[in-house]
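S.K.: Each protein sequence line maps, in turn, to chains A and B. For the first sequence, the working numbering assigns the number 1 to the initial residue and increments by one for each residue that follows. For the second sequence, the working numbering assigns the number 1 to the initial residue and increments by one for each residue that follows.
One or more hints might be untrue.
What the hints assert, rightly or not - Here are the computed lysine-lysine pairs in the DSS-like style, where the Cα-Cα straight-line distance is at most 25 angstroms:
#1 B:Lys-422 x B:Lys-411
#2 B:Lys-223 x B:Lys-155
#3 B:Lys-266 x B:Lys-486
#4 A:Lys-149 x A:Lys-209
#5 B:Lys-155 x B:Lys-194
#6 B:Lys-486 x B:Lys-204
#7 B:Lys-165 x B:Lys-194
#8 B:Lys-287 x B:Lys-578
#9 A:Lys-170 x A:Lys-149
#10 B:Lys-357 x B:Lys-411
#11 B:Lys-486 x B:Lys-499
#12 A:Lys-179 x B:Lys-63
#13 A:Lys-209 x B:Lys-357
#14 B:Lys-130 x B:Lys-165
#15 B:Lys-411 x A:Lys-170
#16 B:Lys-165 x A:Lys-209
#17 B:Lys-194 x B:Lys-357
#18 B:Lys-204 x B:Lys-500
#19 A:Lys-64 x A:Lys-141
#20 B:Lys-173 x B:Lys-204
#21 B:Lys-287 x B:Lys-155
#22 B:Lys-266 x B:Lys-574
#23 B:Lys-357 x B:Lys-155
#24 B:Lys-499 x B:Lys-411
#25 A:Lys-179 x A:Lys-141
#26 B:Lys-266 x A:Lys-172
#27 A:Lys-179 x B:Lys-499
#28 B:Lys-415 x A:Lys-209
#29 A:Lys-209 x B:Lys-422
#30 B:Lys-422 x B:Lys-499
#31 A:Lys-170 x A:Lys-209
#32 A:Lys-170 x B:Lys-415
#33 A:Lys-141 x A:Lys-125
#34 A:Lys-125 x B:Lys-223
#35 B:Lys-411 x A:Lys-179
#36 A:Lys-179 x A:Lys-209
#37 A:Lys-125 x A:Lys-179
#38 B:Lys-415 x A:Lys-179
#39 A:Lys-64 x B:Lys-131
Note that these hints are calculated values from the structure, not bench results. Everything numeric in this text was worked out from a predicted model, so none of it was measured.
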Amino acid sequence: MSMPADGRKGSRSIADETSADASRRAFLKTIAVLVPAVGVLGSCRAAHSSARADAPVYFSEAEKSFVDAATQRLIPADALGAGANEAGITQFIDLQLASAYGRAERWYMQGPWPTGTDQQGFQLKFTPAQIYREAIAGIGKHCTQQYGKPFAQLTAAQQDEVLHALEDDKIKLTNVPAKSFFALLWQNTQEGYLADPAYGGNRDFAGWKLIGFPGPRYNYVEEIDRFGQPYTQPFVSLVGRHPDARSRGES
Amino acid sequence: MATRLPPVDVVLVGFGWTAAIIAQELTDAGVQVLALERGEFRDTVPDFATDIIQDELRYAVRKQIFESPERETLTFRNSADQTALPMRHLGSFLPAAGVGGAGVHWNGQCWRFLPSDFEIRSQVEQRYGKKFIPEGMNLQDWGVTYDDLEPHYDKFEYLCGVSGKAGNLGGAKQAGGNPFEGARRREYPLPPLKRSASTVLFDKAAREAGFDPFPCPAANASKPYRNPLGVQMGQCTYCGYCEWFGCGNYSKASPQTTILPVLLKKDNFSFRTRCNVTRVNTDGSGKVATGVTYVDVDGNEFEQPAGMVVLCAFAQHNVHLLLLSKIGTPYDPQTGQGVVGRNYAYQITSSVDVFQKEILNPFMGAGALGQAVDNFNGDNFDHGPLGFIGGGYIALWNTGGRPILQHQLPKDAPKWGAGWKKAMHENYLTSASIATHGSVMSYRSNYLDLDPTWRDDYGNPLLRLTFDFQPNEHTMSDYLTDQATKIAQAIPGATHHAKKREGHYSIVPYQTTHNTGGAVMGNDPATSVVNRYLQSWDVPNLFVMGSSVFPQNAGYNPTGTVGALTFWAAEAMKRYLKNPGPLVTT
Chain A
1 MSMPADGRKG
11 SRSIADETSA
21 DASRRAFLKT
31 IAVLVPAVGV
41 LGSCRAAHSS
51 ARADAPVYFS
61 EAEKSFVDAA
71 TQRLIPADAL
81 GAGANEAGIT
91 QFIDLQLASA
101 YGRAERWYMQ
111 GPWPTGTDQQ
121 GFQLKFTPAQ
131 IYREAIAGIG
141 KHCTQQYGKP
151 FAQLTAAQQD
161 EVLHALEDDK
171 IKLTNVPAKS
181 FFALLWQNTQ
191 EGYLADPAYG
201 GNRDFAGWKL
211 IGFPGPRYNY
221 VEEIDRFGQP
231 YTQPFVSLVG
241 RHPDARSRGE
251 S
Chain B
1 MATRLPPVDV
11 VLVGFGWTAA
21 IIAQELTDAG
31 VQVLALERGE
41 FRDTVPDFAT
51 DIIQDELRYA
61 VRKQIFESPE
71 RETLTFRNSA
81 DQTALPMRHL
91 GSFLPAAGVG
101 GAGVHWNGQC
111 WRFLPSDFEI
121 RSQVEQRYGK
131 KFIPEGMNLQ
141 DWGVTYDDLE
151 PHYDKFEYLC
161 GVSGKAGNLG
171 GAKQAGGNPF
181 EGARRREYPL
191 PPLKRSASTV
201 LFDKAAREAG
211 FDPFPCPAAN
221 ASKPYRNPLG
231 VQMGQCTYCG
241 YCEWFGCGNY
251 SKASPQTTIL
261 PVLLKKDNFS
271 FRTRCNVTRV
281 NTDGSGKVAT
291 GVTYVDVDGN
301 EFEQPAGMVV
311 LCAFAQHNVH
321 LLLLSKIGTP
331 YDPQTGQGVV
341 GRNYAYQITS
351 SVDVFQKEIL
361 NPFMGAGALG
371 QAVDNFNGDN
381 FDHGPLGFIG
391 GGYIALWNTG
401 GRPILQHQLP
411 KDAPKWGAGW
421 KKAMHENYLT
431 SASIATHGSV
441 MSYRSNYLDL
451 DPTWRDDYGN
461 PLLRLTFDFQ
471 PNEHTMSDYL
481 TDQATKIAQA
491 IPGATHHAKK
501 REGHYSIVPY
511 QTTHNTGGAV
521 MGNDPATSVV
531 NRYLQSWDVP
541 NLFVMGSSVF
551 PQNAGYNPTG
561 TVGALTFWAA
571 EAMKRYLKNP
581 GPLVTT
C-alpha cells in the first residue's frame, strides 16, 4: 500500500481526480465538440451503432410508443408552440433512463425496504428505469382490459382519463404505485421540455421559447436595471446556438 | 489494519469554509495543518467554468454538485414512535462533498444574527417571563454575545467582499440599511448589488405596508474587490446561477475565491481528497484526541496522528463522528440527559407567490440579490400578544429564473396539459416569490442519534434524525406568512398565492440547508458539547466548527455566523496551542 500523496502548493495533478470524474469531463468535451446531429445517440450507444438514429436506447418500441403518446398529452402541441414530441422529450427521457440517473447510481439503495410515511420520501426498491418498465407494462394491461387497445391507440380523451387515474392513484399497478410513476413521468417530461437542449429535449428551444428564458447567458450587468424591457438576444444553449448539432451526454 | 502515518500538529476533518479559515489562521500561527476531505478537489477553472456550470439539469436537478447519499446517508422519522427510514436521495437539505464544501454552492446570503439571538433565553425570560417558554423547548443562550463576535463578523465580511448597506454604524442608525441590525464597526466592504425589477417592486410594496426594507447582505461582489489576503474577486454579472452551482466568475465568495489561492501555497499546509474520516481516536483516558482514522476511495484505512483535531464537516456529519467515536455523552431523549445529538434544529420557510403584469426578467439575478424586511425577526417585535418565540426575515430574493425549478404558477393553474402550457407562457416572466425565513427552536423531542438498522459503506450505523415542526414554529411561520401577504397585497395589479408551511416536517421537498445543533456550544457542560470557544468539554484538544454548535436556529441564513464563530474559535485555538488545556474551567 502506498502512502497518500498530499495536495500542496496547488500542485494537484490529474491523478487527484477520480477516474470517473476525468472520464466524464473528457467525454463531455469530446461529445460537445465532435458529435454531429445524428451521431448524438450513436455515441451513447456504441453497441447499437447500426440502429436507426431515433431508435431508443433504453425503451422498447412499445414503451417508446407509450411515452410518445403520454408526454404529448402532458405537453400538447398547440398555438403556443411545440409539444412534447416536437421537443424531443421521449428521446430525452430515454437517454436519462439509460444514464446514471436511470440506474439510481447516486441513491442509497440498501435494504431492508419497509413502507414509510409520505414525509419519509422515496422508499421503492426500483430505479427510475425499472419504475418506467414496471409501470408501462401495467398500464398496457390496464388499457387492454379497459379499452381493448394499447394506450397509444386510445383517443386523446381516453388517454387523459388514464393519465388522471394514474395521477390520482386509481389504477393498480403490480409493483409501483401509479401516482409515483405519474409524478416521475411528469417530472421528467418537464425536465425534457425545460432543460438545456444539450440533453436531447427542448429541441429548437421549444420550452424556453414558450416561457421567454433566453438560456444560460453569462452577463446581464447592462440589462438588469432596464426595468420592464424585454430581453431580445437570441436563445443560446450550453453547446451554442445550434444545440441539435451537439450533445452534453449524461446528466 | 490501518496504516499509521507521520503525525501532524493539527488535522481538520473536511475542507470547506470552516476548515479553510482555521487552516489559514493556524498556519499563520506557525503550526503544520492537514485537511482531510471526503470529496474531490474543485476549483473555479475548470470545474465551475461558465460553459460547464450553468446547467440546471446536471447540478440543481440531478444534484451532481452535492454529497451523494449512495454510500452514506441518514435515516429520518418525525417522532420517536416511528421507525426511521433512510433518506434514499437528497431533498429537504443539500450538503456538499468536495473541497470548498457548501461554500461552493451557497447563494452568498451573508447575514449577522441579532444581538438578542445569542442571549435568547435571558431575553425571553426578562421580557416575557419564564412561563412564556413552552414545555419541551430547550431554549438556551449561546455563551457568546454579539459584541464578542462583532470583530469576527467584520473579518469574515471583509474576507468575502460582502455587498450591502449598513443600518447601524457604532450605534448610529443609517438610512437605507437594516434599522434592526446590531452595531457594526464600519460599512460593508462593497456597496449593494444592483436592484432587479422584482426587488424594486418588493421595496415599494414593503414601504407601503409600513415596513423597513433594505438590500440583503450579499457575498456576491457588486464591484471588483481585493480582499485582505490579496485575493482578487470579479464583479458579479447577474447570470442567475449561484445557489446549487459554483461561480465561474470569481464573484461569489467561497474558499476557492477568497482563501485557497493563498493557503495552497503555504509549506505548512497540506490536504488530501477522497479521504473519509470514520473516527476521532482518543487515548486510554478518553480525554486526549490522538488523531483520526480515515478510509480512502480504495477502501484502505489510515491512522493520522495529530496533536489537535478540528471537526469541520457539515453540521450533522460532525455529530455523527462524535457519536461513532464515543466522545461526549450521547443525548437520551427519555431522560433529557446527555448532550451529543441534543438540540438538532432547522428552519421553517414559506412563500407568497406574486403574479402581476410587468416584465421582470427573473433570469437576471444573483444568489444574494434581494430586498428584505427584518421587522419580524428575532425579538425586533413584541411577542407578548402573539404567544410564540422566534421570527424571521421576509425577502424577495431574485436568485435567478432557472426554468425547471424556478417558476411560479397561479394556484388554479392546471397541473399539466394545454392549461399548464398557457400558465407557464403567461407567468414565467412576470411572477416572483416572497420568501419567509423563520427560526426553529430546539426541543427535547428533536435530536440525532445512531440508527439501529441501516449502515453506511464503511459498516457504521447511519445517523438517525428525529425531527418535526412544533406548534411554536407553525404559529410563528403563519404569522410571518401573513405579514408577507400584506406586502404582496401592496403590489399594484398583483394577485398572490400564499403557501403556508403546513403539517409535519417532510424530508422530500427542498426547504433549506440550514441544519443546526447536535454539538451545541454553551457555558454549561450539562447542556452543551463544546464551550464558548467551540472546544470539547470532554477532550480539550478537539474543537467542533459549523452550525452544529448553534444551540437553536435563528431567522437568518447561517454562513455569516458560522464564519464569525470560526474566526472567534481560531483566536482561541492560537491561545490553546501556546498553553494547552481547557479554555474554560467549570
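S.K.: Hey, Lys-64 of chain A versus Lys-141 of chain A, does the alpha-carbon distance stay inside 25 angstroms?
M.R.: holds (16 angstroms)
S.K.: Does Lys-170 of chain A pair with Lys-209 of chain A here, judged by a C-alpha cut-off of 25 angstroms?
M.R.: violated (35 angstroms)
S.K.: Holds or violated: are the alpha carbons of Lys-155 of chain B and Lys-194 of chain B at most 25 angstroms from each other?
M.R.: Cα-Cα ~24 angstroms, so holds.
S.K.: Is it true that the CA of Lys-194 of chain B sits at most 25 angstroms from the CA of Lys-357 of chain B?
M.R.: Holds, because 22 angstroms separates the two Cα atoms, which is no more than 25 angstroms.
S.K.: Next pair to validate is Lys-287 of chain B with Lys-578 of chain B; report whether the Cα-Cα distance is within 25 angstroms.
M.R.: Distance ~19 angstroms between Lys-287 of chain B and Lys-578 of chain B Cα, so the pair holds.
S.K.: Measure nothing beyond the straight line between the CA atoms of Lys-64 of chain A and Lys-131 of chain B; if it is 25 angstroms or shorter, mark the hint as holding.
M.R.: Outside the cut-off at roughly 64 angstroms; violated.
S.K.: Check whether the Cα positions of Lys-173 of chain B and Lys-204 of chain B lie no farther apart than 25 angstroms.
M.R.: Given that 25 angstroms is the threshold and the Cα spacing comes to 21 angstroms, the pair holds.
S.K.: Is Lys-165 of chain B within 25 angstroms of Lys-194 of chain B, Cα to Cα?
M.R.: holds (12 angstroms)
S.K.: Under the criterion that the straight-line Cα-Cα distance not exceed 25 angstroms, is the pair Lys-149 of chain A, Lys-209 of chain A satisfied?
M.R.: At roughly 35 angstroms apart (the allowed maximum being 25 angstroms), Lys-209 of chain A and Lys-149 of chain A break the hint.
S.K.: Given the hint that Lys-411 of chain B pairs with Lys-170 of chain A, test it: the Cα-Cα distance must not exceed 25 angstroms.
M.R.: Status holds; Cα separation ~24 angstroms.
S.K.: Checking one constraint from the list: CA of Lys-266 of chain B to CA of Lys-574 of chain B, max 25 angstroms. Satisfied?
M.R.: Measuring from Cα to Cα gives roughly 18 angstroms; hence the hint holds.
S.K.: Checking one constraint from the list: CA of Lys-486 of chain B to CA of Lys-499 of chain B, max 25 angstroms. Satisfied?
M.R.: Between Lys-486 of chain B and Lys-499 of chain B the Cα gap is close to 14 angstroms, so the pair holds against 25 angstroms.
Hints 3, 4, 14, 16, 21, 23, 26, 31, 34, 36 and 39 from the earlier list are contradicted by this structure; the remaining hints agree with it.
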